[in-house]
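K.L.:
Residue 476 in full-length UniProt numbering sits at position 476 of the sequence shown; the count goes up by one each step and never skips.
Just so you know, the hints here were simulated from the structure itself, not pulled from any lab data.
What follows is a list of derived Cβ distance ranges for each label pair:
#1 Lys865 / Ile655: 45 to 55 Å
#2 Ile592 / Thr518: 46 to 56 Å
#3 Gln659 / Asn563: 31 to 41 Å
#4 Thr518 / Ser549: 21 to 31 Å
#5 Glu666 / Gln84: 51 to 61 Å
Result set (PhoX-like, lysine-lysine): computed pairs, CA atoms no more than 20 Å apart in a straight line:
#6 Lys863 / Lys206
#7 Lys489 / Lys448
#8 Lys787 / Lys744
#9 Lys596 / Lys948
Ideal Cβ placement from N, Cα and C applies to all residues, glycine included.
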Amino acid sequence: MANSKEMVRNKNLDLQGIIVQNDSEVYFCCVCNKTISKENSAYEHVNMDHHIKAMEIFTEYFQISKNSIKCKTCQTTSTWQFVQSHAEMHKLLPWCRPINQYKQCFENFLIIHEDQFYCDLCCLTYQFFSWHDILVHIKETQHIALKSKVLNADDIFLHDPNALNNYKCIVFNGMVYLKPKILYCWICDTKVSGITNCNEHAKGMKHTKEKLTFTFETLKTRVMLKDCVLKVPTELQWVIKDHNIVVFRHSLYCSLCDLHMTTSSLVKNHLQKHTQFPDIYRQQCKSKVNQINNTSSEEMPSMSNCSSTNNDINDTKCQVLNIPTHLKWIIRAQGMQIFRDKLHCKLCNVDMINDAQVQSHASTHFKTYKQERKKKKEIMQSIQDTISNTEETLTKSKDSTLENNEFVNVTIQDKNTNFAIDVSKRKQNKKSYNFDAESIFFTADEIKSSVYLCIFKENELIYCLICQRDITNKHQIYYDHIFSGEHLKSLIQADTVKGLRENLTKLALAKNGIRDSTDKFSTCMLCNSEIRNRDSSLCEHTNSKDHCSRYYRWMETCLQFYNEILTFIKNNWYYTNRYRCDICHIEFSSEICFAKHIEEKRNTYYEASNFSYHLCVPCGLLWYGNKLLYSAHSNTVEHKFMVSYGTNVINKFPIEAEQFLISCEENAEILLEFSNILSVTSIQDEILTSLKNDILPIFGEIEAYAYGSRNCGLGLPDSDINIFLDWSNISNAQNVCKKKKSFKAFIKQIKTILLSNPTVWDVEEIKLNDKTPIIKVQFIPRQLHCKISFDNALDVESTNLIKHYNEVCIPCRKLILILKQWLSFYGISGPSYISNYALTWCVIFYLQRMLILPSITELIQEKNKSKLIKGWQAGVSYKFDVKENSELLFRKLLSGFFIFYADFDYRCDVICPLLGEVIKKKVFTDPSLLPNDMAPYVQYVLTTKNPKVFCLSPMCVQDPFNLSDNLTAMVQKSTLKNFRIFCSKSVEILMELS
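Please take these sequences and the hints and turn them into a complete structure.
P.N.:
Pasting the structure below:
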C-alpha cells in the first residue's frame, strides 16, 4: 500500500498539480483548490475545461518545472504542497478569495449556476470561471457605469444584517437585487420580498423544480411578438419587422435608437416616432449601424464596447457634448463620427466642438429632409386629389344611397336585440379601459432634464442654473419650480442667449455645471472656479481631468435625486382622489372614468406636444392639460395652503392597537380559544335541522349549508352564522317561482314559513334588491343572528378550503384572527372598506408568496377532477402539506405580513390567490394577455351576454373561485392609504420589541 501511495506522489507533476492529501486515498488539486475523492476522478479532473483555464492563470504567477514550482513574484522555489499558503501570502487569485466574495457578487448583480456566472447588468455569461474572472469583470468601466445607474448604495435593504448569512443562497439561486426590499429570481421568473425570505424561496418546491432545468441560455432570449407580454398596436407591428426591433419576453429593444422599452405606452410612443420618418429608419437598417441581427442574445448592443468612431450615440463617450435625444437619429442617418470631444460630419466635412454647433448643423440636415418629405407629400396629395375628383361624379349617387342605408342600419340596430347592442358596448368599453397608468409619468423626461441643471448644496438647498436662484430641497417645492412659468420661460431663453460667447448657449453651460454670466467670467459651480467667458476657455475647462471627475459625481447625485422624485410621485398615487381634464373642464372622482375619458378624446385633439399629465400631491389632484397650467395652479391659495398644512386625513395610530400588537402572541392564543368555542358544530347542526324541518313540509327535500367565519375556525363573538339554502333542484320551489314570475316570491314564501314559528325564528330584515338577496333572522333558542342566502354555493366551497388551510397551518389561522381584530381598531373594516373575507385571502396570499401554502391552481391540478359551479372551477384537493418552518416565529410572520402589504404596489398589481402570484392590472384590459389558468374567466367574458368584468379598483383582491369578483372593489384610496400607513407603523412597533 505504501508503495502505491508513493507511486501516486511521484506522478504529481504529471497530473498537473494533483497531490495526495494527508497520506490518504484523497487527492487535492492545488491549481483549482479542490478535493478529489478517487484516483480515476483525478485523471478526469485535469482534462476538464475549468482546470485548464485555472492552469492558465496559475502559470501567470508560477513557473512549473519537473520537480518544483517557482514563484515569479519572489523567485522562491517550492513544492506543490506549499502553493496554497504561498499564494495566500501574496494574495494571488484565484486562491485568495475575499471573505465577502458572495456579498460582492450580490452587489454587482452576479449569479452563479453550474460552473458559470451571469452578470444581470451586462447580460454576459462566463463559463468555467474563476474568482479572477469575477474581479476582472466587476472592475470594468462599463460594468461600474451600469451599476452606478441601477444600484442605490444608500438603500438600507443592502445593509441588512440578516443578509450576511444569505448572500451565498441568493447568488447560487439566481436572485438579484431589483428594487428596495425586493429581489428577482431568474430561475422562477418571480419577485422575492425581503432578504429573510430568500432561504424559504430557494428551498421551495417550485424553485427546486425549476432549478433542475434552468440554464443561462434562457435569459434575454428573443421571442415571437405574440409571446411578448407588452401590447403592440396592430397598426404599428410592421415597424418591428421593418426596423429590426428586438422582441424579448418582457421588453423590446430598438438598436437604432439604443432604447429599451419596458411598458406598452413607451412601445407605442416610440414606434409612432418611427412612422414619422420611415425612410430614414429604413436607411439605418440597411447600414452598418444596425448590427442587431449578428448579435447574440447575451451580447446586447447597448453593452458593446464603442470605439471613437462608432456611430452608436452614447453620451458617456462624448464627454464634452450633450447630444439632444431628438437629433440622435439624424446623426446616425448621416453617418457622423463621434469622438470624445467633438462630432465630425463626413458629408459636409465639418467638425462640431460644442452643443450649439451640433444642434445647428444637425437641424440643417433635418430641414433638408423635411423639405424633401414635404414635396413628396404634396405630390402624393395632388395625385390623390386628382383620383378623388375623377371618381366623385361616379360615386355621388352611391354615396347618397349608402348614407341612407347606414341610417336605416342604425335604426334597425336600435330596435334589435340587446345582445347586439351589448357587444358593441363591450368593444367600446374594452377600448376605453385600455389605459396605461404609466402614461401619468410621461413628464419624467421633463423632470430629468431640469434635475440635471441643478447644483445640490450642503445646506439643503438646490441651485437652479437656469433661473440662477436657490430652491428648498423638498420634492414638492422643487416639482412646483420646474413646472413654473418662470422656469419654463428661462429654459426656452437659455437655448438662445449666448452672452459674450460666439456659440455656447446658457443651456449648454448649465449642462456642464457652469453658471452663465454677462461679465467676462463664468463660474463653474462644480470646481468653484471662474473661467474666461470664451468658447475655447470654457471647452478647455470642461475637458480637464478635475472637472470630468466632479462632473461624473454630480451626475450620480442628480440621478439619485431624480429617482427620489419619481418615487415620490408614484408613492403619492394613493393620495390622489380628484381627476380633472382641463381641456373639457370636467372633474372626475373615479380614476377609471377619467382614464376612459382621456382615451376616448386622445385620438381627436389631445395628442399635442404641449399637453401632459400633472400630479399635485398636496391637493390630491391629477389632471391632463397644457403644461403652463401647473404654474397657475401652484400659485392658487388652495395649493399653497395644502403645501403648508397638509391634508385633513386622520391616520392616528390608536393606543389600543399598539398595546394589542405588543402582546400579539398572547392575544393570538386567546382569540384561538374563542374561535374554538364558537366553532362547535353541534350548534350549527341544530340551527340547520330546525330550518329544514320548517321548510320541508312546503317544499319537500331541500339542503342547507353553513358557511362563513364560524365554520372555518375564524369566528369571533360578533360573528353571524351564514346559511346557504340550496333550492335549485326542488321542483316545488321552481313551480312557485314560475307561478309568481319572480324569485322574490320564493323568498317571501320562506319568510312566511319562518314567521309561522315565532318561538324559534325572529325575522329581522329582508334584502331583495341586493345582488344576493338575503333574509336576516335570529335563532331564538340560542340567541344567535343568522343570514340566509340562496345563491352562495361558491362561498360554501371557499369556506371549506379556508377551513382546511387553517387546520393544516395553525399560524395561518392565528394570523387571520389577530389581523381581523387589528383591522377593527382603525375603522376600516367592513363591507365598504376591507372585509374580513378579503383580509383572509390577503393572509393566505401572503403565505403563498412565502411558499408556506400552495396556490389554488396547484390544488386544482392535484385534484384533477372538474367541479363547476356556475361555470367556475371549484374542484380542489384537500390533500396537501404546508412547509414546516419551526424557526419562523409568529411575531416574525406577522411582521412579514405588515412589510409585504406596506410595500405592495397596489397601483399596478392584483392580489391573485388562484395563481399564488401577483398579476398586473393592465392584463385585465385584454383577455388574451391573461395566463392559461385564467381560462374560466376569459371564457366567461367572451361567452356571457352581460359579463361582470373584473373591476380595477385602487385595491384589487381576486376571488379564488369567482374570478370576475374583486373582493375589495369598494375600497377607496383613502382607506388603502391608511391601511398602508398602519401596516408600516405596526412594523415599527414589532421591530422595537425584537
